[in-house]
Amino acid sequence: EAGVVQSPRYKIIEKKQPVAFWCNPISGHNTLYWYLQNLGQGPELLIRYENEEAVDDSQLPKDRFSAERLKGVDSTLKIQPAELGDSAVYLCASTSVPIVGHRLYEQYFGPGTRLTVT
Amino acid sequence: DAKTTQPTSMDCAEGRAANLPCNHSTISGNEYVYWYRQIHSQGPQYIIHGLKNNETNEMASLIITEDRKSSTLILPHATLRDTAVYYCIVRVPLYSGGGADGLTFGKGTHLIIQP
Chain A
1 EAGVVQSPRY
11 KIIEKKQPVA
21 FWCNPISGHN
31 TLYWYLQNLG
41 QGPELLIRYE
51 NEEAVDDSQL
61 PKDRFSAERL
71 KGVDSTLKIQ
81 PAELGDSAVY
91 LCASTSVPIV
101 GHRLYEQYFG
111 PGTRLTVT
Chain B
1 DAKTTQPTSM
11 DCAEGRAANL
21 PCNHSTISGN
31 EYVYWYRQIH
41 SQGPQYIIHG
51 LKNNETNEMA
61 SLIITEDRKS
71 STLILPHATL
81 RDTAVYYCIV
91 RVPLYSGGGA
101 DGLTFGKGTH
111 LIIQP
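Here the protein sequences line up with chains A and B, keeping their order.
In terms of the numbering used here, the first sequence has 83 at position 83, counting the first letter as 1, and numbering is strictly consecutive.
In terms of the numbering used here, the second sequence has 5 at position 5, counting the first letter as 1, and numbering is strictly consecutive.
Be a bit skeptical, because a hint or two may be false.
Restricting the straight-line Cα-Cα distance to at most 27 Å, the calculated cross-link-like pairs of lysine-lysine (BS3-like) are [stated by the list, open to error]: (1) Lys-62(A) / Lys-78(A); (2) Lys-71(A) / Lys-15(A); (3) Lys-11(A) / Lys-69(B); (4) Lys-3(B) / Lys-107(B); (5) Lys-15(A) / Lys-62(A); (6) Lys-78(A) / Lys-69(B); (7) Lys-107(B) / Lys-69(B); (8) Lys-62(A) / Lys-107(B); (9) Lys-62(A) / Lys-16(A).
Derived CB-CB ranges, DEER-like [said to hold, decoys possible]: (10) Glu-66(B) / Lys-62(A): 39 to 47 Å; (11) Ser-28(B) / Asn-51(A): 28 to 36 Å; (12) Lys-78(A) / Ile-39(B): 38 to 46 Å; (13) Pro-8(A) / Ile-74(B): 33 to 41 Å; (14) Thr-72(B) / His-29(A): 40 to 48 Å; (15) Gly-29(B) / Asp-74(A): 35 to 43 Å; (16) Asn-51(A) / Lys-3(B): 26 to 34 Å; (17) Arg-16(B) / Gly-40(A): 42 to 50 Å; (18) His-29(A) / Asn-30(B): 19 to 27 Å; (19) Ile-63(B) / Leu-70(A): 31 to 39 Å; (20) Asp-67(B) / Gly-40(A): 25 to 33 Å.
Think of the hints as simulated: they come from the structure by calculation, not from any bench.
Predicted model, so just to flag it, every value in this text is computed and none were measured.
No residue lacks a Cβ here, since even glycine has one placed at the ideal position from N, Cα and C.
Please construct the entire structure, taking both the sequences and the accompanying hints into account.
This is the structure:
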């Protein structure tokens, strides 16, 4: 089974430039997450989608960050314009609502995109 | 979600058991203890979770104290590939009425397996 796919893996841009990250979740997973991970810190949630709907975007800096998941599958996270402080790893994760009685609940993470803003 | 406290770093010799502690003194009755780990340049990976009984799977064992205020993740025979940051998280799982909220990570424990 293919895992969560993210691209690009690395991106270097100059400040004030736009940048976009792409995520393809595990097939059939209706819930998709974007996390931000600064160096030496644990991941922090930016936004959560249930199918096409953003149900929790309270931590997304909406002045420069945007996200979409138009068909409820792939998702794109955009930053425009990028700032030096945006240098971090951007992680995508997905999960599915478990079958009633099924014990397991976990989020599957992609490898992340490492963004460097110069 | 309840807050957790973990040591910043730990060392363990290859082939020995690695015991990673986690304190979660404010855990609620319906919250489970979850462990994830993050190997360098990869995303976090689920390891194991439990409520109050000890749990074991192919990756690790989870020991939860009777008062549920702390737990220990045990990697029985650590290898170099177990070097990673280990995160302890407490939350109500989706199948118990919790939402599919994002995970709240702390800084975790950086486990270094020494050859």
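Against the structure, test the hints numbered earlier, and report the numbers of the ones violated in rising order. Structure breaks hints 2, 3, 6, 12, 14, 17, 19.
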